[in-house]
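J.: Could you slot chain X onto chain H? The hints should help.
Residue numbers (our numbering), protein chains in the order written: chain H, 1 to 336; chain X, 1 to 338.
One thing to keep in mind: the hints can contain errors.
[As the list claims (entries may be wrong)] One-sided excerpt, in silico: chain H residues whose CB lies under 7 Å from chain X:
#1 F108
#2 D196
#3 S198
#4 A201
#5 N205
#6 L206
#7 V227
#8 H253
#9 N255
#10 P256
#11 P269
#12 L283
I should point out that these hints are in silico values taken from the structure, not numbers from a laboratory. The beta carbon of each residue, even a glycine, is placed where N, CA and C say it ideally should be.
Listed here are the chains, written in short residue letters.
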Amino acid sequence: MTTSKREEMIFSIKNLKTHYPVLGGFFRKQIGTVKAVDDVTIDVRRGETLGIVGESGCGKSTLAKTMMLLEKPTEGKMLYDFNGEQKDVTKLNAGDVFDFRSRVQMVFQDPYSSLNPSKRIIESFDEPLRVHGYKNPAERKQRIIESLRMVNLSEDYLYRFPHEFSGGQRQRISIARALCINPELIICDEPVSALDVSIQAQVLNLMKEIQKELNLTYVFIAHDLSVVQYMSDRVVVMYLGKIVEISEASNLHVNPLHPYTEALLSAVPVPVVNEGKSKRIPLTGDVPSPINRPSGCPFSNRCPKRMDICTQVEPPLQSYGEEDHQVACHLYTKPI
Amino acid sequence: MRKLNSILKVENLTVSFSDGKESTKILKDVSFSVFSGKMLAIVGESGCGKSVTVHSIMQLLPKNGKIDSGKVLFNDGGNEVDLVSMKKYGKQMRAMRGQKIGMVFQDPMASLNPTHQVGKQVMENLMQHYKIPKKEARDKVIELFKLLGIPDPEQRIKDYPHQFSGGMRQRVMIAISMICNPNLLIADEPTTALDVTIQAQIMDLMKELQEKHDKSIILITHNMGLVAEVADFVAVMYMGRIVEYGTVRDILNNPSHPYTQSLLKSVPVMGLDKNQKLATIRGTTPNPKDYVKGCEFAGRCDFAMESCLTRDIPDINLTNSHQVRCLLVEESKEVIAK
Numbered sequence: 001m002t003t004s005k006r007e008e009m010i011f012s013i014k015n016l017k018t019h020y021p022v023l024g025g026f027f028r029k030q031i032g033t034v035k036a037v038d039d040v041t042i043d044v045r046r047g048e049t050l051g052i053v054g055e056s057g058c059g060k061s062t063l064a065k066t067m068m069l070l071e072k073p074t075e076g077k078m079l080y081d082f083n084g085e086q087k088d089v090t091k092l093n094a095g096d097v098f099d100f101r102s103r104v105q106m107v108f109q110d111p112y113s114s115l116n117p118s119k120r121i122i123e124s125f126d127e128p129l130r131v132h133g134y135k136n137p138a139e140r141k142q143r144i145i146e147s148l149r150m151v152n153l154s155e156d157y158l159y160r161f162p163h164e165f166s167g168g169q170r171q172r173i174s175i176a177r178a179l180c181i182n183p184e185l186i187i188c189d190e191p192v193s194a195l196d197v198s199i200q201a202q203v204l205n206l207m208k209e210i211q212k213e214l215n216l217t218y219v220f221i222a223h224d225l226s227v228v229q230y231m232s233d234r235v236v237v238m239y240l241g242k243i244v245e246i247s248e249a250s251n252l253h254v255n256p257l258h259p260y261t262e263a264l265l266s267a268v269p270v271p272v273v274n275e276g277k278s279k280r281i282p283l284t285g286d287v288p289s290p291i292n293r294p295s296g297c298p299f300s301n302r303c304p305k306r307m308d309i310c311t312q313v314e315p316p317l318q319s320y321g322e323e324d325h326q327v328a329c330h331l332y333t334k335p336i
Numbered sequence: 001m002r003k004l005n006s007i008l009k010v011e012n013l014t015v016s017f018s019d020g021k022e023s024t025k026i027l028k029d030v031s032f033s034v035f036s037g038k039m040l041a042i043v044g045e046s047g048c049g050k051s052v053t054v055h056s057i058m059q060l061l062p063k064n065g066k067i068d069s070g071k072v073l074f075n076d077g078g079n080e081v082d083l084v085s086m087k088k089y090g091k092q093m094r095a096m097r098g099q100k101i102g103m104v105f106q107d108p109m110a111s112l113n114p115t116h117q118v119g120k121q122v123m124e125n126l127m128q129h130y131k132i133p134k135k136e137a138r139d140k141v142i143e144l145f146k147l148l149g150i151p152d153p154e155q156r157i158k159d160y161p162h163q164f165s166g167g168m169r170q171r172v173m174i175a176i177s178m179i180c181n182p183n184l185l186i187a188d189e190p191t192t193a194l195d196v197t198i199q200a201q202i203m204d205l206m207k208e209l210q211e212k213h214d215k216s217i218i219l220i221t222h223n224m225g226l227v228a229e230v231a232d233f234v235a236v237m238y239m240g241r242i243v244e245y246g247t248v249r250d251i252l253n254n255p256s257h258p259y260t261q262s263l264l265k266s267v268p269v270m271g272l273d274k275n276q277k278l279a280t281i282r283g284t285t286p287n288p289k290d291y292v293k294g295c296e297f298a299g300r301c302d303f304a305m306e307s308c309l310t311r312d313i314p315d316i317n318l319t320n321s322h323q324v325r326c327l328l329v330e331e332s333k334e335v336i337a338k
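Only chain H is shown next, with the shape it has when bound in the complex:
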């Protein structure tokens, strides 16, 4: 059982911490720490879509950046599967980082700022291909046309500038750019939140099709719970830099365990007229600042089901019920 699981693993993140120092005072000394990502352990399995959901400031984007090696982690391991060989990507040499980057690509939130406005589409695509060893220009062009076709754009667009495209087209171009060097894993940071609903649906459908065709693995980050739920196989719910719950996507809305997940689910407006709808669980207050997090459980100061222990001891992430359903909450902590 364990060996078969390990084979599936493509990227396994262990006790990852990304902290930022807060400087202050006359001598700019460190007066505090922002624990943007704190002790996060996730396994990304090959071929799945792992959704990460949470409110702004919960650390989901920092996690994505750290996974892409765009931020330096403070502590922890990130094991990536290089053709069967597990290597910690935080300790790679320059050549291996190159290899890693050709395997893992990213799609960013804002399609307006992630494409260089002064470069034609073909130039934006050409650079990553050249860097990653496609020496022959004709071959590069062929590759670009292929990846544009994959997102239903024709080769007429090659010599256009980003401003000539609509938001949805630009996001498709961003996806095509990530696809062009043939990655295994794509990290998507809020890929549809800047788009209108009808366009959002087009992009989501397209992403699913491409995943099936190329057997890609996605890490899909968004704040919209229903979008994440629809796209993912498993969903990670984050709050203040911590994972509070990991669940099968299909099970999340049926059986949410953590009070935060419950509240988040009940806050999502549903387009059905209000009759016999389940009541919303009101959350008072705002997300606390990650600089001075409440002691114990990070959610303890807003939790409607708070107990005495919650403010003292931090609950560990444990399986509850099924093996794939993990939750960090004292309501479900097993007695030791």
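T.: What follows is chain X alone, placed relative to chain H:
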């Protein structure tokens, strides 16, 4: 059901924008009513003209925008006044803005002045319209902050916008629009920049204002879920036209315009099967400059007929409250009549 009084009646509002060379119609024949004590939601995608609609009501259009024709009849305590006939910067119009009609904008960080205390910014609106002593104004602000659920109001009024969280900032914005006790509140995407749990708090607050304090609200949003939760009436806009109008039940349970139907189907809802494809609207929103004749949605509609592009499309009453602007509905009605 008691008869509804309308507080605002918009009749055949047509607005065009010019780019120096040619002018393009952005709003075409927009008519709707806002009933007293009810919430009207205007729904549509970006560029459909929903913000232009409310900006025209308030006469806040940019210099290149012009109201070509139409009326905006506002019920000012029994007197019906036409806002369009007022001078843009005239005394009358300025008395309307802020005092009789309050407005909440989308991005609270961009609409609050970062260099002034929030209490001062709320008081400013009050003292602009009423001659009252500063201390009294301050007390009123504190009272309103309490009502809007801002904790510790005596201290918070001295704080600056950056010391507030996003949700609290939006409450301050609502306070600014509410301080003169207007009967009509216009909220332009008030929760788009906020997280879902905070969005729920703000929407609960707006609903409470509407129900307990008998305010009329125009809510602009693109989120059909929000509409279902809070609105009483819904106007769906596409390319500067209201394509469907009705009560929230009419629109959500019996959407009759193909655009409304696909808008509802294209949002994933919780529990949707992963293998099921989302419904999409093909193509993208066309440029309003390219419009010639007929139905604006025809190019993207799955049910488009030849006549959709050649004829003027009438507004058809399905029921007393439900109107839709589509030839398909007209046809099916004719069949039933026969």
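J.: Hints first: check each against the structure and report whether it holds.
T.: Evaluation of the provided hints:
1. With its C-beta approaching chain X no nearer than about 19 Å, F108(H) sits outside the 7 Å limit, and its interface hint is violated.
2. The restraint placing D196(H) at the interface with chain X holds, with a minimum CB-CB distance near 4 Å, inside the 7 Å limit.
3. Proximity of S198(H) to chain X holds as hinted, the smallest CB-CB distance being about 4 Å (cut-off 7 Å).
4. Satisfaction of the interface hint for A201(H) is found here, the shortest Cβ-Cβ separation to chain X being roughly 4 Å, below the 7 Å cut-off.
5. Satisfaction of the interface hint for N205(H) is found here, the shortest Cβ-Cβ separation to chain X being roughly 6 Å, below the 7 Å cut-off.
6. Residue-level restraint check for L206(H) is violated (minimum Cβ-Cβ distance to chain X is 9 Å; threshold 7 Å).
7. Using the Cβ-Cβ criterion of 7 Å, the hint placing V227(H) at the interface with chain X is satisfied: the shortest such distance is roughly 6 Å.
8. Look at H253(H): its Cβ gets to within about 4 Å of chain X, closer than 7 Å, so that hint holds up.
9. Against a cut-off of 7 Å between C-beta atoms, the interface hint on N255(H) is violated, since the closest Cβ of chain X lies about 12 Å away.
10. Hint status for P256(H) relative to chain X: violated, with the closest Cβ pair at about 10 Å, above 7 Å.
11. Given hint, P269(H) at the interface with chain X, holds; its Cβ is 3 Å from that chain's nearest Cβ, closer than 7 Å.
12. Look at L283(H): its Cβ gets to within about 5 Å of chain X, closer than 7 Å, so that hint holds up.
The structure fails to meet hints 1, 6, 9 and 10 from the earlier list, while all remaining hints are met.
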